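A.B. asks: Sequence:
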Amino acid sequence: MKSPAPILVSHLFRELDGHLLDLLRSLAPEDWNRPTVCSAWSVKDISSHLLDSALRRLSIQRDGYIPPHAPEGFDSYTELVAYLNRLNAEWTAATARLSPTVLIGLLEKATAELADLFESTDPLARACFSVAWAGESESLMGFDLAREFTERWHHQRQIADAVDRPTPIDERRFYYPVLDTFMRALPHTYRDVKAPAGTFVSIRVVGDSGGDWFLRREENAWCLIAAVDENQNPDSVVTIDQAIAWKLLTKRTDRATARARFPTLRIDGEPAYGEPVLEMVSIMA
1 MKSPAPILVS
11 HLFRELDGHL
21 LDLLRSLAPE
31 DWNRPTVCSA
41 WSVKDISSHL
51 LDSALRRLSI
61 QRDGYIPPHA
71 PEGFDSYTEL
81 VAYLNRLNAE
91 WTAATARLSP
101 TVLIGLLEKA
111 TAELADLFES
121 TDPLARACFS
131 VAWAGESESL
141 MGFDLAREFT
151 ERWHHQRQIA
161 DAVDRPTPID
171 ERRFYYPVLD
181 TFMRALPHTY
191 RDVKAPAGTF
201 VSIRVVGDSG
211 GDWFLRREEN
221 AWCLIAAVDE
231 NQNPDSVVTI
241 DQAIAWKLLT
251 KRTDRATARA
261 RFPTLRIDGE
271 PAYGEPVLEM
281 VSIMA
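For the record, in the sequence shown the residue sitting at position 271 is 271 according to the working numbering, with numbers rising by one throughout.
Because the hints were derived from the structure by calculation, they are not lab data. Since the structure is predicted, the reported quantities are computational estimates derived from the model, not experimental observations. The beta-carbon is built from N, C-alpha and C at its ideal position, and this holds for glycine as well. Certain hints may be false.
[To be verified] For each label pair, taking beta carbons as the anchor points, the in silico distance ranges come out as: (1) ALA197 x PRO35: 43 to 51 Å; (2) GLU90 x ARG14: 23 to 31 Å; (3) ALA197 x ARG25: 48 to 56 Å; (4) PRO4 x ALA125: 18 to 26 Å; (5) ARG14 x PHE129: 17 to 25 Å; (6) ASP208 x PRO263: 18 to 26 Å; (7) ASP75 x GLU30: 40 to 48 Å; (8) ARG252 x ILE66: 24 to 32 Å; (9) ALA125 x ILE66: 14 to 22 Å; (10) ALA5 x ALA197: 19 to 27 Å.
[Stated by the list, open to error] Using 16 Å as the maximum straight-line C-alpha spacing, the simulated EDC-like pairs for lysine to aspartate or glutamate come out as follows: (11) LYS194 x GLU219; (12) LYS247 x GLU151; (13) LYS2 x ASP229; (14) LYS247 x ASP161; (15) LYS247 x ASP170; (16) LYS109 x GLU15; (17) LYS194 x GLU270; (18) LYS194 x GLU218; (19) LYS247 x ASP180; (20) LYS251 x GLU151; (21) LYS109 x ASP52; (22) LYS194 x GLU275; (23) LYS247 x GLU279; (24) LYS2 x GLU230; (25) LYS194 x ASP235; (26) LYS109 x ASP22; (27) LYS2 x GLU218; (28) LYS251 x GLU279; (29) LYS2 x ASP212.
Make the full structure from the sequences, and use the hints.
C.D. replies: Given below as structure tokens:
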């Protein structure tokens, strides 16, 4: 059984954040206050959050700085998410007084330094942060950077969506690594799904940036695999249009709500093996 290849994205951050800066510079004053799909955050709030995450990463990974009163660990995933939500809320409240021009200037400097850092990072080193939504307590730096890439991509995509602008980050070289990273949450999402060994689920994202992912039940766990025997028919096939895939996988929801929100999503075969995808979330939420 061949596992999926590592996801290497360190060379893409500079261009990704360059597109963010181009988008922000093009906004009219009223655009900054537009609501987004990201809870109660406006376009300006998300922009501020992207600055925060860049500065935090530089401080911790590059400079080895541990913030005062930082907890040494968390007793549960829920406790970790609550802590991150509190940090995010504190930051957006504190930076509400900053102008868009100031935010853009700070983002320009921080993202350039972030790209320098990531381009010099060993992807096989131990990560500063584990990818908790994939069920990992320790991660390699390459996977952590892929997770960071999805964070910066999907928040930028939320901004573009809110201001109704086309965006070059939908191109395959940006979007496919995001989808590939999101799908690494599949084994953890399916950890409690009972099925006989050999059960096979196919997840297909349709579109120029899409692809096929394969999940198979082994003796004791579900495993993401790179390819399957072309003669083997999947027990369930989940088909998602790329236009909605990122929205589905970045918002925690229940199955009924997901079906109502995304009516084009299709599950063929055994529903019990396809429906867990509707509840999968590949961000810290």
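A.B. asks: Now look at each hint and say whether the structure bears it out.
C.D. replies: The hints, checked one at a time:
no. : hint                        : result
1   : ALA197 x PRO35: 43 to 51 Å  : holds (47 Å)
2   : GLU90 x ARG14: 23 to 31 Å   : holds (28 Å)
3   : ALA197 x ARG25: 48 to 56 Å  : holds (54 Å)
4   : PRO4 x ALA125: 18 to 26 Å   : holds (20 Å)
5   : ARG14 x PHE129: 17 to 25 Å  : holds (21 Å)
6   : ASP208 x PRO263: 18 to 26 Å : holds (22 Å)
7   : ASP75 x GLU30: 40 to 48 Å   : holds (44 Å)
8   : ARG252 x ILE66: 24 to 32 Å  : holds (29 Å)
9   : ALA125 x ILE66: 14 to 22 Å  : holds (18 Å)
10  : ALA5 x ALA197: 19 to 27 Å   : holds (24 Å)
11  : LYS194 x GLU219             : holds (11 Å)
12  : LYS247 x GLU151             : holds (13 Å)
13  : LYS2 x ASP229               : holds (12 Å)
14  : LYS247 x ASP161             : holds (11 Å)
15  : LYS247 x ASP170             : holds (13 Å)
16  : LYS109 x GLU15              : holds (14 Å)
17  : LYS194 x GLU270             : holds (13 Å)
18  : LYS194 x GLU218             : holds (11 Å)
19  : LYS247 x ASP180             : holds (15 Å)
20  : LYS251 x GLU151             : holds (13 Å)
21  : LYS109 x ASP52              : holds (12 Å)
22  : LYS194 x GLU275             : holds (13 Å)
23  : LYS247 x GLU279             : holds (12 Å)
24  : LYS2 x GLU230               : holds (15 Å)
25  : LYS194 x ASP235             : holds (13 Å)
26  : LYS109 x ASP22              : holds (14 Å)
27  : LYS2 x GLU218               : holds (13 Å)
28  : LYS251 x GLU279             : holds (9 Å)
29  : LYS2 x ASP212               : holds (15 Å)
When the structure is compared with the earlier hints, no violation turns up for any of them.
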